[in-house]
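> Protein chains in written order, with our numbering: chain A, 1 to 395; chain B, 1 to 102.
Keep in mind that the hints were calculated from the coordinates and are not lab data. Check each hint, because a few of them may be wrong.
Listed next, the in silico BS3-like pairs over lysine-lysine satisfying Cα-Cα at most 25 Å (straight line) [stated by the list, open to error]:
(1) K102(B) / K50(A)
(2) K29(B) / K112(A)
(3) K251(A) / K326(A)
(4) K46(A) / K102(B)
(5) K265(A) / K33(B)
(6) K265(A) / K9(B)
(7) K102(A) / K9(B)
(8) K112(A) / K393(A)
(9) K59(B) / K91(A)
(10) K59(B) / K102(A)
(11) K91(A) / K9(B)
(12) K213(A) / K91(A)
(13) K9(B) / K326(A)
(14) K102(A) / K326(A)
(15) K102(A) / K11(B)
(16) K33(B) / K102(A)
(17) K3(B) / K91(A)
(18) K102(A) / K3(B)
(19) K29(B) / K326(A)
(20) K33(B) / K56(A)
(21) K265(A) / K11(B)
(22) K11(B) / K326(A)
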Amino acid sequence: MEHQTETQKKVKTSEFPDPFEQARIERGYGDIDDQNDPVTMLLRLKDVRKTAHNWKTFISGATPGRIVVPSEVAIRDIRQIPFEVDPPEHKDYRNLVEPWFKRPLEEEYTAKMTKIIEELVDEVIAKDDIEVVSDFSLKLQSRCLTLLLNIPYEEAETWIGWGVHVFRSEESSTDADKANILFDYLDEQIDRAAENPSDDLYSLLLSSEVNGKKMTKEEVKGVMILTFAGGRDTVINAVTNSLAYFAEHPKSLERLRQEPEIVGKAVEELVRYFSPLTHMGRVVTEDTKVCEHAIKNDSRVSMCWASANRDSAAFENPNEVVLDRKINPHVAFGFSHHNCLGATHARQILKVLINTLANKVGSIEIKNYKENIEEWGEFNRKVGFDNITMNIKGK
Amino acid sequence: MAKITFITKDKEEITVEGTSGSVMELAVKNNVKGIDGDCGGVCSCATCHVQVDAGHTDKTGVASEIESDMLELDDDANEFSRLCCQLQVTEAMDGVVLNVVK
């Protein structure tokens, strides 16, 4: 699908259809096989929320990697923290990292982020056609991540070199060799911080105590794997897809320039519509039922954020982007105890990006693209683009 | 102009004044501890949970269905619970007392 076909021309490039609607209405779930460990995908907003909230029946503290879909059991045995820990222990880890991950609300942080994003937008305006995923979104995500970790800006070059996914490659959705690049890198960084503590996230974690015990290097690594993996392709897709949206909706960008006060609502709506993370799993600890469907002990369910976010029981015109949607109870950042730790950073990235585009960009033209379609059993979901070439012109 | 009083978890009383916008926005602007308003006020994050002081509920009215669905899953919710992003600052709210839950 490198070039637009006749069918694609009818559907806008920035349109993301909802593949779950029929199954959501008729059954409420879908069954998929994932490396011989099947998953029941829960599709309705209320079921998804209740499942996320019920941490006793639907646990996160299972075998490391098992709650992720596709499962990462084969490629890691390190527990991601606080993501793969249940209450009450979960709270202690979460309380430790939460203030750090709220730093994006600080003025100084936002100012630095604005500088990074403005520079990048100026850079792509100065060029002719650019491939947005690798020449814009990957750079933006990597450079902003230096702020979240509080480490030198230059380090972003290393991560840009890794490409879009930390666990995935062209050949495999879970690539052990690729995961090992990240794991070895983190070992090095943790050792470095242990020897020469600074004011970065590694050093903070290494000097912290949880439940009266000093964090081990393995626990620190668990937090860092989550920080790297959780915000990588999700942010890259959100940024790329937002650019595609503004390319095809120039009036929306103009409106945001004139009404900057709605940018917060616009961010929530774009995140709802694109739902960068399709779903997240849990392991079931007892025979139970969701929407009249029996679910067996020690099997897996997933909470399909992408489907829940199009549930017409909660959203009027769910398949439309309503930039200033006032009531928007989406679950794109998850729900309940495990909601996205990086959400504050991600929201700030999108806010700054939209403001910068609104102020600097005159037009965006999409030249060609290849869609990234995830296959989950009967459902084919467009989650973003493998590549998309655009021409971005200044005002 | 409406005067709104927040009582935080550590019993600090903060009275603020406003004329428009949501009560969550007013709380965030005045750094009321325990009101985060992560989603900016679209009823998605439940980080602006308050309990209306008994006797003041006529000023705030009742929660919508979507708001109730959010509160239903909050362990600390009770009959006085509201998400204050869904409360508008109006004259009718003058004098209301809100207990911050978190």
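> Going straight from one Cα to the other, do K265(A) and K9(B) come out at no more than 25 Å?
Given that 25 Å is the threshold and the Cα spacing comes to 29 Å, the pair is violated.
> Does the structure keep K3(B) and K91(A) at a Cα separation of 25 Å or less?
35 Å, violated
> Below or equal to 25 Å on CA atoms is what counts here, so check K59(B) against K91(A).
Measuring from Cα to Cα gives roughly 35 Å; hence the hint is violated.
> Keeping to a limit of 25 Å between CA atoms, is the pair of K112(A) and K393(A) held or broken?
24 Å, holds
> When you check the alpha-carbon spacing of K91(A) and K9(B), does it fall within 25 Å?
18 Å, holds
> Holds or violated: K213(A) and K91(A), Cα atoms, limit 25 Å.
With a Cα-Cα distance of about 15 Å, the restraint between K213(A) and K91(A) holds, given a limit of 25 Å.
> Does the alpha-carbon distance linking K102(B) and K50(A) stay inside the 25 Å limit?
21 Å, holds
> Given the hinted pair K102(A) and K9(B), is their Cα-Cα distance within 25 Å?
20 Å, holds
> Run the distance test for K102(A) versus K326(A): straight-line Cα separation, threshold 25 Å.
24 Å, holds
> For the pair supplied as a hint, K251(A) and K326(A), is the alpha-carbon distance within the 25 Å limit?
19 Å, holds
> Quick one, are K102(A) and K11(B) close enough, alpha carbons at most 25 Å?
24 Å, holds
> Measure nothing beyond the straight line between the CA atoms of K9(B) and K326(A); if it is 25 Å or shorter, mark the hint as holding.
Violated: K9(B) and K326(A) sit about 29 Å apart, past 25 Å.
The structure shown violates the earlier hints numbered 6, 9, 10, 13, 17, 18, 20, 21, 22.
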